[in-house]
Amino acid sequence: MIELQNVTHSYGGGELLSDITLRLQPGSFHFLTGPSGAGKSTLLKLCYGELRPAAGNVQLFGRDLGDMDRDAIAHARRRIGVVHQDCQFLDHLPLRDNLALPLAVSDRDPAAEQGNLDELLSWVGLSARAGARPPELSGGERQRAALARAVIMAPDVVLADEPTGNVDWDMSQRLLTLLVELNRMGKTILIATHDLALIRAAKSQVAARVLRIKDRQLQLAGADL
Amino acid sequence: MVLITLRALIAGDPQADRVVPPTGFTVRLTMFTAGAMAFLAVFALALSLATGRLADRWSEALARTATVRISAPEGQMQTQTEAALQVLRTTPGIGEVRALSDAEQRALLAPWFGPDLPVDTLPVPQLIEVAETGDGYDAEGLRLRLSAEAPGAVLDDHTRWRRPLVQAADRLRMLGLVSIGLIGLTTAAMITLSANAALAANAGVVRVLRLVGARDVYIARAFVRRFTGRTLQGAAAGTALGMLAIALLPGVSTAGGFLTGLGFHGWHWLWPLIIPIVAAGVAFWATRMAALRMLREIT
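Going line by line, the protein sequences match chains A and B.
When we follow the numbering used here, the leftmost residue of the first sequence carries the number 1, and every step to the right adds one.
When we follow the numbering used here, the leftmost residue of the second sequence carries the number 1001, and every step to the right adds one.
So here's chain B without its partners, still in its complex pose (with noise of 0.2 angstroms):
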């Protein structure tokens, strides 16, 4: 049965899609309304592609690098240096060590201390970058040799800052799901809404339909065609508008950081052509639903 509909509603019915009358305040509504939906789900869309690429590119970059901390009596911060170095690069899975130079230490301090921060005369500690192998390493027998040559080496993995992070980022794309799934939700029920009006609106037009001895199938057909037809075209040009309103964003720049990424990337520009078709089957569902149950009150 469904199915019959299906075919019927692509093939279409010249004369099916003409006895409803052409205009109507309901199905200008559909039309705006899914525009609307439409619109918003785009910025939905892009916000939950644009956080899962950021729990991704977070999760990736910081899983490679770690960094170890030496903080050591001024007279020892050579030695444990020089000692942990050594360990790390005789350890399994690490790819890369290196000891930060006290420019690029200040640089890192410069944001919170200004740029003329003598670190020569602080305790600052000494920090060495450590990027890994692609099979990583064993941080905790790490821990262990660091802990027996240089006493003051400290290893952070990044895990207790990362994790946060991804779960937020997680959290965000979650809810950029929910949200494209409450716009389908209002947008059939917006629709289930104008079905039923339009086919109170349209009573005379259905006890004519029945008179000369309509089945209900083809009677909500006529409906279901032309909502399915008006919610395709009006979310076709909420897509439009949407992806346009992606694309005149911001491009990415560090300075604006998470907000300027949010659009779509490469073959990620083809998941919003999705929208209309998605809206018009939840179009079709909402209105077949819709009719069929009204013609079944109607006497």
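If we strip away everything but chain A, and leave its shape as in the complex, we get (with noise of 0.2 angstroms):
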């Protein structure tokens, strides 16, 4: 599905990530840890395109990222949905709207797909805030609405970075719900965190595999977590 391959990444004139080997199996689930800085941002725009390796090969369903073209790139994204930090809306348009943009850029008409959207809005909690514009919505219902936009197109892999990091342990417990359900639906599932207390919560309802950055390396993190 993605798979990275003895990747190496450089940022800034030294290397922040180095060989890594990483293969992401369908409806596997996946945290990534590490202290802030060690590269756990890079390593999922690596898994989605944005970057590309310095070295080594990232294959995104089945094809080398460096044989794909702008578009390839884009049409291989549409089946990748990808939760910021800072979500990324575009603030100028409601809620709503901004739920439906993956399904506009791929050319299919969002009014055709209301059923989808309102589903998905009440899924998230948010069906009473669909004509909200982002700057309106809280920390945690941004995320909320960052997790129905990534899951809109209903990709293959979720890919999640910091998705708890502006939210109360409360918000944070029932993003994770949200992401186990979409597990449990068959998305595979990868989410970058420093939070360990998520990772504890969600071994208990999740067979997760844990990766550790350390030292520019990938590690699987043992029972110290």
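Since the hints were derived computationally from the structure, they do not count as laboratory data.
Think of the CB as a built atom: it goes at the ideal place given N, C-alpha and C, for glycine as much as any other residue.
Hints may contain errors.
What the hints assert, rightly or not - Between beta-carbon pairs, the in silico distance windows are: (1) Q1233/B - G165/A: 27 to 35 angstroms; (2) L1241/B - D64/A: 55 to 63 angstroms; (3) R1028/B - M185/A: 28 to 36 angstroms; (4) L1248/B - G131/A: 25 to 33 angstroms; (5) A1189/B - G12/A: 32 to 40 angstroms; (6) A1189/B - A197/A: 52 to 60 angstroms; (7) Q59/A - L1241/B: 21 to 29 angstroms; (8) A128/A - A1200/B: 32 to 40 angstroms; (9) A1203/B - G12/A: 40 to 48 angstroms; (10) D69/A - L1248/B: 52 to 60 angstroms; (11) A128/A - L1248/B: 42 to 50 angstroms; (12) D71/A - S1059/B: 52 to 60 angstroms; (13) L1292/B - M185/A: 33 to 41 angstroms; (14) A1197/B - Q25/A: 41 to 49 angstroms.
Said to hold, decoys possible - Non-contacting residues of chain B with respect to chain A, defined by C-beta distances greater than 10 angstroms in every case (computed): (15) V1019; (16) F1025; (17) A1083; (18) Q1105; (19) L1122; (20) P1151; (21) R1163; (22) T1186; (23) V1212; (24) Y1218; (25) L1232; (26) A1240; (27) A1247; (28) L1248; (29) V1278; (30) W1285.
Given two chains presented individually in distinct reference frames, assemble the corresponding complex, making use of the accompanying hints.
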């Protein structure tokens, strides 16, 4: 599905990630942890083709990222839902239109998908906020909305970068529950987080694999978590 | 690809239209630039059309007439005039010939010598006005016959001073067309700068669109529609103002000459209506090129 083979990435003249190998199998659930600045976000960007590796290979759905043009990467991204810590919405559009954005850019008619949109808004508990603009939403609402937008195209993979970074514990549990639900629907999940409590809480709900970036290398985290 | 983009541009995509924030300095700048350039283009077009008419008029009017000037001693003036008239009347291609009266010759000289000029006491040549038929005449043959029958007669077919006048009018028309071309290029340059500024100002929008799987063509289309629409609006307003200003110019008068003839006549009033369409086309290409180039540069 998504595979990184001996990937190295440099930033600002120095090597940030070195010889990283990662395979996201269909239906798997991964946590990616490590200290701030370790390269978690960079690794996620490599997974959805926003960054290209300095060395090594990235495979997106069986195709080598190096062989993919910009259009092919755009098509691949429609199969990958991304949730950012800062959500990345278009602030001048109401929430409903922001959620429909992946449909619109894929030349699908959002008007024909109103049922799906309503269902998604209800799933993340934001039906009453559909007309609000992103700056009017709370941190938790924005994160849930970002998750809804990430899954509206029924992607195969959901990548979440610190999805609980700006929310309280109750809200982070709620978001975790939504992500676990998605995994039970067969979606592959990769969550980058430094919130170890969230990882511990998840382990009681799902068979998650925990990876850690340490000294530019990717390791399988042990019982120390 | 371009046809698809054009179809999408005309058909419209409400969602794509809205992804770019609706207001912004660059959009207002684009409208103003398009309006100002369209206003100037209307005048350049009017100049070009007016000089074209002028060149045609001078060319036609002067080409169909000629003058025979007879300079002869006082005792031979009448004889040579009669002989010249006879030659002219029997020349194929000449329609009318008429010797100017003293009063008419006095009127011609009045601007230089005043109305009280004693023509009778001055050795003023006799002028004969010649009008051609549609077929024209053989000027060289006529000169030879005149020199034989009336040695003091000189044929002036206006070629000497018609040519520079027509050339001047043609060059003015060319200048008008070059001005329109420069206005188009300037508009393209301004819109390219505005589109670049808009793309830079909306880098966040571009990032979000890429994140959700938008292709470059989709992103470019959103900006292209915005700029093309604003250019069309600005150019339409500028053209309307330009046409109004032309309509309010003083009417054609003999005293005003060329300046009062600057304007559109008859169906020529339709010509300025293509300016907004051309401006929108220029905006479409300029924005599309700028957007796709900039998107290629943004990783």
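Verification of the hints:
no.: 1; hint: Q1233/B - G165/A: 27 to 35 angstroms; result: violated, 44 angstroms
no.: 2; hint: L1241/B - D64/A: 55 to 63 angstroms; result: holds, 58 angstroms
no.: 3; hint: R1028/B - M185/A: 28 to 36 angstroms; result: violated, 48 angstroms
no.: 4; hint: L1248/B - G131/A: 25 to 33 angstroms; result: violated, 50 angstroms
no.: 5; hint: A1189/B - G12/A: 32 to 40 angstroms; result: holds, 36 angstroms
no.: 6; hint: A1189/B - A197/A: 52 to 60 angstroms; result: holds, 57 angstroms
no.: 7; hint: Q59/A - L1241/B: 21 to 29 angstroms; result: violated, 60 angstroms
no.: 8; hint: A128/A - A1200/B: 32 to 40 angstroms; result: holds, 37 angstroms
no.: 9; hint: A1203/B - G12/A: 40 to 48 angstroms; result: violated, 20 angstroms
no.: 10; hint: D69/A - L1248/B: 52 to 60 angstroms; result: holds, 56 angstroms
no.: 11; hint: A128/A - L1248/B: 42 to 50 angstroms; result: violated, 58 angstroms
no.: 12; hint: D71/A - S1059/B: 52 to 60 angstroms; result: holds, 58 angstroms
no.: 13; hint: L1292/B - M185/A: 33 to 41 angstroms; result: holds, 38 angstroms
no.: 14; hint: A1197/B - Q25/A: 41 to 49 angstroms; result: holds, 46 angstroms
no.: 15; hint: V1019; result: violated, 6 angstroms
no.: 16; hint: F1025; result: holds, 16 angstroms
no.: 17; hint: A1083; result: holds, 88 angstroms
no.: 18; hint: Q1105; result: holds, 80 angstroms
no.: 19; hint: L1122; result: holds, 86 angstroms
no.: 20; hint: P1151; result: holds, 87 angstroms
no.: 21; hint: R1163; result: holds, 60 angstroms
no.: 22; hint: T1186; result: holds, 31 angstroms
no.: 23; hint: V1212; result: violated, 4 angstroms
no.: 24; hint: Y1218; result: violated, 5 angstroms
no.: 25; hint: L1232; result: holds, 23 angstroms
no.: 26; hint: A1240; result: holds, 31 angstroms
no.: 27; hint: A1247; result: holds, 41 angstroms
no.: 28; hint: L1248; result: holds, 42 angstroms
no.: 29; hint: V1278; result: holds, 30 angstroms
no.: 30; hint: W1285; result: holds, 21 angstroms
Checked against the numbered hints above, the structure violates hints 1, 3, 4, 7, 9, 11, 15, 23 and 24; every other hint is satisfied.
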